[in-house]
Amino acid sequence: MAPVAPRSGDAIFASVEHVNAELFTLTYGAIVRQLLTDLEEVEEVNKQLDQMGYNIGVRLIDEFLAKSNVSRCVDFKETADVIAKVGFKMFLGVGASVTNWDADGTCCSIVLGDNPLVDFVELPDTCQGLYYCNILSGVVRGALEMVSMKTEVTWVRDMLRGDDAFELQVKLLKQVPEEYPYKDDE
Amino acid sequence: MGREVSESCIDGLLTEMVSSYCNRFYSNTPELAARRIEAIGYQVGHQLSERYTMERPRFTDHLEAIKFICKDFWSELFKKQIDNLKTNHRGTFVLQDNKFRWLSRMSGDPSVENGTQDPESKAAQAMSMYLYFPCGIIRGALSNLGIPCAVSADISSLPACSFVIRIKV
Numbered sequence: 001m002a003p004v005a006p007r008s009g010d011a012i013f014a015s016v017e018h019v020n021a022e023l024f025t026l027t028y029g030a031i032v033r034q035l036l037t038d039l040e041e042v043e044e045v046n047k048q049l050d051q052m053g054y055n056i057g058v059r060l061i062d063e064f065l066a067k068s069n070v071s072r073c074v075d076f077k078e079t080a081d082v083i084a085k086v087g088f089k090m091f092l093g094v095g096a097s098v099t100n101w102d103a104d105g106t107c108c109s110i111v112l113g114d115n116p117l118v119d120f121v122e123l124p125d126t127c128q129g130l131y132y133c134n135i136l137s138g139v140v141r142g143a144l145e146m147v148s149m150k151t152e153v154t155w156v157r158d159m160l161r162g163d164d165a166f167e168l169q170v171k172l173l174k175q176v177p178e179e180y181p182y183k184d185d186e
Numbered sequence: 001m002g003r004e005v006s007e008s009c010i011d012g013l014l015t016e017m018v019s020s021y022c023n024r025f026y027s028n029t030p031e032l033a034a035r036r037i038e039a040i041g042y043q044v045g046h047q048l049s050e051r052y053t054m055e056r057p058r059f060t061d062h063l064e065a066i067k068f069i070c071k072d073f074w075s076e077l078f079k080k081q082i083d084n085l086k087t088n089h090r091g092t093f094v095l096q097d098n099k100f101r102w103l104s105r106m107s108g109d110p111s112v113e114n115g116t117q118d119p120e121s122k123a124a125q126a127m128s129m130y131l132y133f134p135c136g137i138i139r140g141a142l143s144n145l146g147i148p149c150a151v152s153a154d155i156s157s158l159p160a161c162s163f164v165i166r167i168k169v
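For the record, the sequence lines run as chains R and D.
The first sequence begins at 1 in the numbering used here and counts up by one.
The second sequence begins at 1 in the numbering used here and counts up by one.
No lab work stands behind these hints: they were computed from the structure.
Since the model is a prediction, treat every value here as computed from it, not as a measurement.
A hint or two may mislead.
Unchecked claim - According to the in silico footprint, chain D covers these stretches of chain R (three or more CB under 8 Å from chain D):
(1) 12 to 19
(2) 42 to 56
(3) 151 to 159
Glycine residues also receive a C-beta, built at the ideal position from the N, C-alpha and C atoms.
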């Protein structure tokens with residue numbers, strides 16, 4: 001069978017079912033608020049948001065692979081590019097860019113200028129230390145782990161903290177070779 | 001038209017929110033998990049109804065407010081209206097959505113079905129937890145319109161879902 005051409009983030013976003021972003025944004029805000037009440041410690045909220053994102057990423061990767069037709073990326077560079085241009089676009093409707101590569105190509109930044117998660121959001125002073133969008137870093141980490149890449153994802157810039165963009169640093173820790181749960185002769 | 005995101009975003013977020021509260025934070029106290037999920041919905045409903053009624057004159061009675069929930073409010077959230085509205089004219093309203101979107105897209109989490117309980121009841125339990133969220137949304141929306149009430153969901157005829165609103169007097 002001839003390989004299917006990969007689809008652009010725009011084309012996929014145009015073809016999926018949409019919902020009102022307000023509902024999504026306010027729901028996320030209400031979850032963060034409830035977590036702050038229930039867990040009390042801002043550090044713990046950061047951790048739980050990351051964990052929730054990780055679990056979502058683990059599931060979202062299937063939809064991403066099914067709809068994007070991307071074939072195996074040759075290296076981490078291509079992977080980061082695909083996440084930024086196709087992944088972010090097909091789910092959130094906003095594209096991201098990749099910058100700040102290190103010399104050996106294992107660490108880069110994904111930069112988001114526009115982020116639907118933070119519409120209407122302002123952090124009160126009591127939430128210093130909160131990484132409001134930590135769910136996103138979890139999603140990226142979870143999704144990459146499903147394609148055998150162990151990463152560390154951290155926020156470098158955050159508009160809710162006064163920066164001019166959202167910048168996620170993605171560092172490749174190791175590439176786990178794929179293991180098959182079955183033997184050839186079975 | 002306002003900004004939109006892929007439906008998978010909200011599906012993934014809701015599934016994970018419910019599972020975090022039920023399986024991680026309050027795994028031994030489902031009634032507390034339910035209350036938190038409802039509270040999150042309440043917050044969302046309250047804010048959305050505030051936004052969607054900004055340009056409107058005040059509703060003159062309960063029925064008018066309920067009709068707003070059935071038509072405009074539901075359309076903003078689910079791109080369809082409530083299919084059937086019934087009332088006993090004594091403060092109870094039943095809103096039926098013949099194909100409630102959040103249930104039709106919901107998939108069972110296989111990992112929770114490996115326990116000793118049979119999968120049917122586990123799945124039903126997860127579904128009822130999930131429904132605290134839209135119940136909270138409706139209660140929050142009405143509360144913002146000055147109507148205190150209690151809201152419950154009935155899924156005895158899936159994929160239809162009925163929301164029962166009891167206005168407090």
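Results for each hint:
With 5 residues having a beta carbon nearer than 8 Å to a beta carbon of chain D, the stretch 12 to 19 of chain R meets the requirement of three or more and the stated coverage holds. Against chain D, the stretch 42 to 56 of chain R contributes 5 residues with a C-beta closer than 8 Å to a partner C-beta. That satisfies the three-residue criterion, and the hint holds. Coverage of the stretch 151 to 159 of chain R by chain D is violated in this model, with 0 residues showing a Cβ closer than 8 Å to a Cβ of that chain against a need of three.
Taken one by one, the earlier hints fail for this structure only at number 3.
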